[in-house]
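One line per chain: the protein sequences are A, B and C, in this order. Under the numbering used here, the first residue of the first sequence carries the number 26, and numbering increases by one thereafter. Under the numbering used here, the first residue of the second sequence carries the number 7, and numbering increases by one thereafter. Under the numbering used here, the first residue of the third sequence carries the number 6, and numbering increases by one thereafter.
There could be a bad hint or two in this list.
Claimed, not checked - Sample of chain B residues lacking proximity to chain A, with all beta carbon distances greater than 12 angstroms (derived):
#, residue
1, Lys-209
2, Ile-215
3, Pro-249
Said to hold, decoys possible - Capping the alpha-carbon separation at 27 angstroms, the derived lysine-lysine pairs in DSSO-like fashion look like this:
#, chain 1, residue 1, chain 2, residue 2
4, A, Lys-296, C, Lys-78
5, A, Lys-158, B, Lys-251
6, B, Lys-216, A, Lys-129
7, A, Lys-112, A, Lys-81
8, A, Lys-129, A, Lys-144
9, A, Lys-454, A, Lys-106
10, A, Lys-432, C, Lys-65
11, C, Lys-87, A, Lys-296
Said to hold, decoys possible - Listed next, the stretches of chain B that the computed footprint assigns to chain A, with coverage defined by at least 3 CB atoms under 8 angstroms from CB atoms of chain A:
#, stretch
12, 185–195
13, 258–265
If you are wondering where the hints come from, they were derived from the structure by calculation, not from laboratory data. These numbers were taken from a predicted model, which means no experiment stands behind them. The beta carbon of each residue, even a glycine, is placed where N, CA and C say it ideally should be.
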Amino acid sequence: MRKALLFFFINIFLINKSFALIEVDITRGNLDPLPIAISPLHVDIKSENYEGIKIKDLGEDISKIIEDNFRATGLFNPLKKEAFVQKPDIAHLKPRFEDWRLIKAQALVTGKLLVLDGKLKVEFRLWDLAAAKEMTALAFTTTPSNWRRVAHIISDKIYERLTGEEGYFDTRIIYVSESGPKEQRVKKLAIMDQDGANTKYLTLGNELVLTPRFNPTNQMVTYMSYFRNMPRVYLLDIETGTQEVVGNFPGMTFAPRFSPDGKKIVMSFAKDGNSDIYTMDLDTRVVERITDHSSIDTSPSFSPDGKFIAFNSDRSGLQQIYVMRSDGSEVKRITFGNGIYGTPVWSPRGDLIAFTKMRKGSFYIGVMRVDGSGERLLTENYYQEAPSWSPNGRVLVFYRETKSGLKGEGFSAKLWSIDITGYNERRLKTETDASDPSWSSLLTK
Amino acid sequence: MIRSLIYSITFHSLLVLLTILSLPFMLREPIDLPPIVSVELIQITDKTSIPYAPKARKIIEETKKKEEERLVSEQAPPAAKAKEKPDRIPLPNEKKEEKQIIKKKQNPEEVKPEIRQSSEFEKKEIVDTNQIAALIDKAKEVEAVKKKEKEKITQSSQKNSFATGLTLSQEDALRAQIFGCWSVPLGLPYDKDLLVRIKLQLKKDGTIIKSEILDHQRMNTPGQKFYKVLAESALRAVRLCQPLKVPPTGYDKWKNLQLNFNPAEMLEG
Amino acid sequence: MMFNKNLKNILLVIFATLVLSACSTAKKSGNIDGDVYTGKETVEYLASGVPDRVFFATNKSSLTTAARETLRKQATYLRKNKNLNVTIEGHADERGTREYNLALGERRANAARDYLMTYGISGNRIAVISYGKEKPVNPAGTPLAWSQNRRSVTVKVN
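Work out the full structure: start from the sequences and follow the hints.
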């Protein structure tokens with residue numbers, strides 16, 4: 026009987042315990058882009074005029090840039106301003122959270138700006154509307170002509186706060202601007218902001234230029250030029266405009282890239298029908314041969330720690346991707362899939378390699394792990410190649426050539442970007458046709 | 007001795023039986039309420055926990071829209087037809103469709119009939135979305151294993167929830183409500199171990215008295231930015247969902263509630 | 006009657022166009038042997054009877070029989086004109102990555118150069134340059150155009 030009683034008590038105890046805390050697993054949610062309201066920045070009435078800038082519209086203009094940046098990510102859904110429920114200045118002081126929630130916004134960006142004594146002062150706040158609290162707030166002071174960059178920097182801060190990873194808006198893209206018929210393309214180096222604004226041309230188009238790439242500080246560019254009909258790798262200082270040939274090679278050098286510390290250029294040198302990979306130290310000018318094989322070894326790309334180089338080679342018969350130590354030892358083939366692989370580019374996070382793949386008359390941009398496993402093809406087209414990573418390793422920019430007819434009419438080359446998830450493919454705005462894009466790192470860290 | 011044991015066993019089984027019988031009986035009422043029933047359609051999908059349910063949900067939404075547009079048009083009972091061509095059901099991802107169109111100028115007419123096909127499902131079949139969802143993905147074979155795993159987990163949690171006093175449909179109603187409120191941060195890496203546990207204290211009407219993240223210190227640890235982003239999104243979801251859809255009775259059982267937010271499966275798919 | 010006659014004429018014209026176009030396409034497809042262009046459409050001449058270019062198969066830099074014959078003619082011509090220097094331009098079609106095609110063009114130009122050298126032409130007289138896929142002769146997106154673009158061209162320098 027006593028035992029029975031015990032049993033009874035245990036039973037009751039168990040039941041009680043099981044009532045104690047209900048746990049519910051939430052494994053699914055809404056996968057739509059996050060609704061975010063970006064209020065125009067309030068322009069302080071004390072603001073003075075500044076040459077060439079419409080101060081009155083500056084608040085709208087800055088918020089428009091932020092909005093465009095966020096829409097382009099595919100992760101956010103900036104809401105229409107017509108629905109906004111509060112004036113910018115009041116919202117910036119203290120939003121009426123419940124009103125903003127009514128238009129289904131989950132986050133709100135507010136801000137104000139002041140132009141005084143030739144200085145632009147901008148501050149912004151990011152609000153969590155559900156929690157009814159401020160998530161982050163910052164202020165910047167700069168020259169008014171820098172207003173676009175301020176908009177990009179604000180975008181980066183908000184992006185980082187809301188996604189947990191660095192942004193990529195305060196960046197530039199260098200590319201080859203193209204014009205004219207395909208048989209006689211005129212190609213110039215061009216540089217623009219990531220959103221297509223502020224395009225500048227760095228060469229005149231007198232000679233063929235190809236494959237520009239930024240150095241880590243974005244001050245220098247290495248590229249290939251047919252100056253005086255000598256195809257060579259060049260180094261260009263963007264600020265000063267000075268250029269020089271890289272190394273003194275008795276033949277064509279091409280496919281240059283910087284090492285992650287910016288001290289070396291890795292490139293291919295072609296001699297007697299054989300292309301191998303070399304590096305040149307920019308300080309000491311010492312040239313080192315990295316590969317020595319009677320095949321075409323080209324498109325080298327350093328890993329972000331500088332310890333490895335990925336490249337493509339046709340030593341197996343067809344173009345495939347290989348990885349080796351940066352001194353040329355331990356060469357390993359990493360692609361074994363059907364098709365031809367080229368242009369490996371190591372991601373800034375170090376965990377992926379982006380590449381171009383050719384198979385059955387189509388060109389793909391894809392990513393895989395650095396050992397070649399986990400290949401994912403992101404986009405397929407008639408012709409596209411040369412991916413370049415956004416500095417946070419989330420987006421790839423590449424170029425795509427299309428023709429409207431079989432005879433080559435309507436030929437065009439454009440820059441495109443795609444998320445490494447394979448979603449959010451979109452064309453980048455460029456003034457002219459464009460190819461060979463290279464994405465800079467963040468201009469301000 | 008043996009007699010007392012028998013007494014005890016009969017007594018207890020009676021007690022257990024009573025609990026089993028009385029609980030669902032008491033809680034049958036809310037199921038008849040229209041709002042919950044309407045969510046119920048989704049819940050059943052959710053309950054079976056197929057990884058593709060979000061996609062399925064989108065299909066359902068699309069289908070519903072289409073149906074509203076075409077209420078007048080007669081529709082042949084398409085059950086067999088739909089099963090014939092499971093591959094033809096489009097992934098309801100707009101971006102992907104856009105991509106295809108840009109890609110090859112694939113005759114856009116081809117896309118439309120696909121969409122229409124999905125609209126041919128009738129509402130009753132939507133209940134069966136779990137099957138559809140499984141059919142949608144071509145990689146279902148690979149996922150089949152996963153699905154089984156999931157089912158196991160759900161089963162165990164079924165028992166759990168039963169023991170805790172929420173019926174399946176109640177738990178699912180709550181889950182479905184939060185699914186709708188939770189904007190998953192899409193930029194999160196899917197390979198990281200990200201699980202956010204939130205403990206809630208609720209009022210009788212389902213509003214929140216207190217919400218607390220269980221691993222709160224992790225939020226402000228350097229290098230845990232993704233965790234912080236996820237935790238904040240989970241908190242937002244709970245707040246936006248207020249009042250939560252709680253049962254009208256049994257307040258003592260659910261006044262303290264723990265929600266475990268895990269996006270891994272979604273971000274992977 | 007008048008209408009009928011017109012119709013007849015139109016039909017005749019259409020028929021003629023069809024026949025002609027059939028002819029031309031037939032001729033074109035007949036100009037590729039395997040993968041290598043064998044026609045004359047894009048070919049220019051260093052001198053009478055000396056073609057300036059040879060063609061290659063996809064991703065290949067090996068010389069075909071026809072290419073060797075052309076290069077032997079070029080060698081004979083260069084031996085006769087001792088003061089003439091040349092540059093061999095190597096080209097690739099558009100169906101490859103830019104950087105690899107630069108290397109491939111260089112390899113093709115060197116294949117031609119090596120062959121000329123085995124026929125007694127000094128290497129000092131022959132420069133090579135690769136344009137990769139940057140200078141196609143035919144911008145079309147067809148196998149024929151690609152085969153015409155996979156080439157090495159011998160160009161007089163002085």
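- List, from low to high, the hint numbers that the structure doesn't satisfy. 8
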